[in-house]
Amino acid sequence: MADITLTLPDGAERVVPRGTTGAEVAAAIGPGLAKAALAIRVDGEEQDLSRAIDDDASIEIVTVRSPGALELIRHDAAHVMAQAVQELYPGTQITFGPATEDGFYYDFVRDEPFSPEDFERIEARMREIVARDLPIVREEWEPEQAIEYFKGIGETYKAEWVAEIAKRGEPISVYRQGDKWLDLCLGPHLPSTGKLPKAFKLMKVAGAYWRGDSRNEMLQRIYGTAWSNEKELADYLHRLEEAERRDHRRLGREMDLFHLQEEAVGSVFWHPKGWTLYLTVENYIRDRLAATGYVEVKTPMLVDRVLWEQSGHWEKFADAMFTAHPRSAEARKSEGERVLAIKPMNCPCHVQIFRQGIKSYRDLPLRMAEFGSCHRFEPSGALHGIMRVRAFTQDDAHIFCTEDQITSETAAFCELLLGVYRDFGFTDVVVKFSDRPATRAGSDEIWDRAEAALRDAVAAVGLETILNPGEGAFYGPKLEFVLRDAIGRDWQCGTLQVDFVLPERLDASYVGEDGGRHRPVMLHRAILGSFERFIGILIEQYAGAFPLWLAPVQVVIATITNDGDAYAREVADTLSVAGLRCVLDLSNEKIGYKVRHHSLAKVPVILAIGRREAEERTVAMRRLGSSAQESLALEDVRARLKAEAQAPSKTATGE
RNA sequence: GCCGGCGUAGCUCAGUCGGUAGAGCAACUGAUUUGUAAUCAGUGGGUCGUGGGUUCGAUUCCUGCCGCCGGCACCA
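The working numbering numbers the first residue of the first sequence as 1 and each following residue consecutively.
I should point out that these hints are in silico values taken from the structure, not numbers from a laboratory. Be aware that one or more of the hints could be misleading.
[Unchecked claim] Below, computed lysine to aspartate or glutamate pairings styled on DMTMM-like, alpha-carbon distance capped at 20 Å:
hint : residue 1 : residue 2
1    : Lys198    : Glu87
2    : Lys359    : Glu513
3    : Lys231    : Glu123
4    : Lys273    : Asp247
5    : Lys180    : Glu140
6    : Lys602    : Glu589
7    : Lys650    : Glu415
8    : Lys650    : Asp423
9    : Lys167    : Glu142
10   : Lys590    : Asp563
11   : Lys602    : Glu254
12   : Lys316    : Glu378
Could you put the whole structure together from the sequences, leaning on the hints where they help?
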C-alpha cells in the first residue's frame, strides 16, 4: 500500500499510508487534537473523521473553534433531537432536519401536536443521548435495501426520499447513532453523540409543508438553537431578548407612532408622531428623486379591471386584488357593471401617462415617480406588524428607456439607493440577483440581453450580489435589496426589475432617431419599497432612538421651576421658527422626572431651563444617552440644532 | 391560506376548581416650586375579543367566528 502526503494548514506535510482516516491523522498529530476533533476538511470538503483518505490532499482537522463547526454541531443536534423524539414518542416519523443560520430544526410526522411543554422532556432526553456517547457511523446502502428498511419501520417519508435520491443516481448514505437508531443523511457528522456540546435549547414548534409545497401535508417542525458552549448560548438568548425590545410593533405602541386594529386589518393608523416620521422620510426621498432627474405623478386608486387584464396582472393576481363598485344598483346599471380594482401597483397607470402624446427618443430616459398607495389582499398568515400589510405606499418609479440605457440607468439607480440607505444608517445591504424563472415571457435572447445589462450595471457600481436562481419576475430579471429586522428576519425593500413585457402589452412606444416606432424598456424600481416596511425597519434599526433629523419630537424644553416659564416659551418659539419639532414641558414635576420621562420617550435633545438660564438667556442641553450637560446661549443652540436637524438631502445641496 | 399557541383596564400581568374582577405603571385632579432617569396624596377606567350552547347563573366549561403571535406557503 503506497503512502500519501497530507498538507496541514500550517504548511507542514505528513506522509501516511493510503486509506488513513481523519481520526488517525488527528491522533498522530496529538492526543489533544484527537479528542477535540469533530470532522476533517479534505481539500476544503468537510468529511467524517472515519472516512479513509485515499490521495494526497491538504487537510484540516475541524474542532469546536473552526469556522463551520457550528453548522456541524447544529446538524448533529437535529439528529440527536430526532432520536430523542422518536424514543419518547414512538410512532413519530422523521423527515428532514438541517442546520439553520443560528440553530437547527427537524420536521416530524405525528398525529398529536407537539407543544412547548414537551421541550423540557425532549431536551433532557437529548442530554441523555449525548451522555451515552453513541458512536455515529456512516454506511452506504443499496436503494432497495433502504426503501425496504424504512418502509418496514413505517418511515414512509424517508422511503419516498430514498427513491428520489436513487432516481438521481446518488449514493444512499445512512448514519447509525448507536445500535438502535439511524437516519438517512448526507453527513458529515461528529464521530459520536458525546462530542455534541450540551449548549442547545429547543425554541418553538411550527407547521411546515412536506418538501416546502403547500399542496402537501403539514409536518410538525421543532426549532432549536445550538452553540459550542453555554456562554454562547446564553449570549444568543440575551440577543433575542434585546431584539424583542426593538420590535417595531412594541416601539410603535410605546412611542405612540401608529396602531393597527381589527376593523382595518393590514392597514396602518398613523398617529401624529408616526406620521411626522413618515413625512420626513417621504420629503427626504422626494428631494433625492428631484435631484436625480425624476418627475413625480399621481395616478388613480380605482382603475377598471380591463387595464389589469391587459397588463396581465388580473390573470395572475386577481385573487389578491380588491375590487370596488358603487353601492347603488342604479349607478351600477348606468356604469355598465364595470368592475373597478383598487390598484395593487402603479406601473399600468404610469404607462397610461407615458402614452399621452407622442414620445420621442429625446424624452428618454423618462423617470416617472409616484408615492403610490396600493392595496393587495395579502394572505392572513403573511401579515406582520407594519412590515407586511394590505395597504401600503411605495416610493415607486418607472424608468422608460432604451435598451442601451439599461446599464447606465441601473448603475445610477444603485448609486442613488446605496446613498439613501447610507443616509438612514444601513451599510450592510444584501443584494440578490434574481434571474430568469422557468415560466417567463420574452425570448431567451431578450433575457440574455436583460440579464447582461443588469450584470454590467452591478459590476459598474461594484456591488456584490447573491444569485437567486430562477426567482426573477416573469417579465424580467431583478435586483432585490434586502434589509434585516431586529429579530433576524429579512425583508426586501429596494428592487429593480427590467421589463420588456409591459410596454408591449400596454402598447407603449416612442419615435426613434430613425423616425420609426419602438418599444421602450421599463425599469420598475423602488428604494425604500413600502414606506410602512421601511419605517418598521428604521424603527428597529435605531431602536426608536432616531437621529435628530428623523426624530418626531426633536427637542423638549423642560422647566425646572415656573420662574422660567416665560423664557422657556421664548426658547420653544425660537426653535420652532427655526423649523425644529419642539415640545414645551411646563408641567409641575421635578426636573429629574422630566428628564426620565422624555429620555424614555427617546427624545434626542432635552433643554432644561431654570432661573439661572432665564436670567442668562442660556439653556442646559442634554443629549439622549448621555448624562452630560452643556450650557449654551440660546442663539448657539438654535444654530447648532438647526444645522444638525437638516435632512441629508438638504445638507448635500448646501441649503 | 395551513399548523400550533394566545386574547382580562392604555401597557405589563394576576384572578375566578362557574356566583359579573384586581395590582403596578400610565392617565386625570390636588398639594408641592423642585437643578438633570420616578415628590406625595387622591380619582376615574374593564359587556374579561365576539356570536352561540350547557347552566338558576358563564369572564371561567363546550363550540363557531374574528384578531394577534410563531413558523410554513405566498409576496406583481
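Now the hints, each set against the structure:
{"no.": "1", "hint": "Lys198 x Glu87", "verdict": "19 Å, holds"}
{"no.": "2", "hint": "Lys359 x Glu513", "verdict": "12 Å, holds"}
{"no.": "3", "hint": "Lys231 x Glu123", "verdict": "18 Å, holds"}
{"no.": "4", "hint": "Lys273 x Asp247", "verdict": "17 Å, holds"}
{"no.": "5", "hint": "Lys180 x Glu140", "verdict": "17 Å, holds"}
{"no.": "6", "hint": "Lys602 x Glu589", "verdict": "19 Å, holds"}
{"no.": "7", "hint": "Lys650 x Glu415", "verdict": "18 Å, holds"}
{"no.": "8", "hint": "Lys650 x Asp423", "verdict": "12 Å, holds"}
{"no.": "9", "hint": "Lys167 x Glu142", "verdict": "12 Å, holds"}
{"no.": "10", "hint": "Lys590 x Asp563", "verdict": "13 Å, holds"}
{"no.": "11", "hint": "Lys602 x Glu254", "verdict": "10 Å, holds"}
{"no.": "12", "hint": "Lys316 x Glu378", "verdict": "14 Å, holds"}
The structure is consistent with each of the numbered hints, conforming to all of them.
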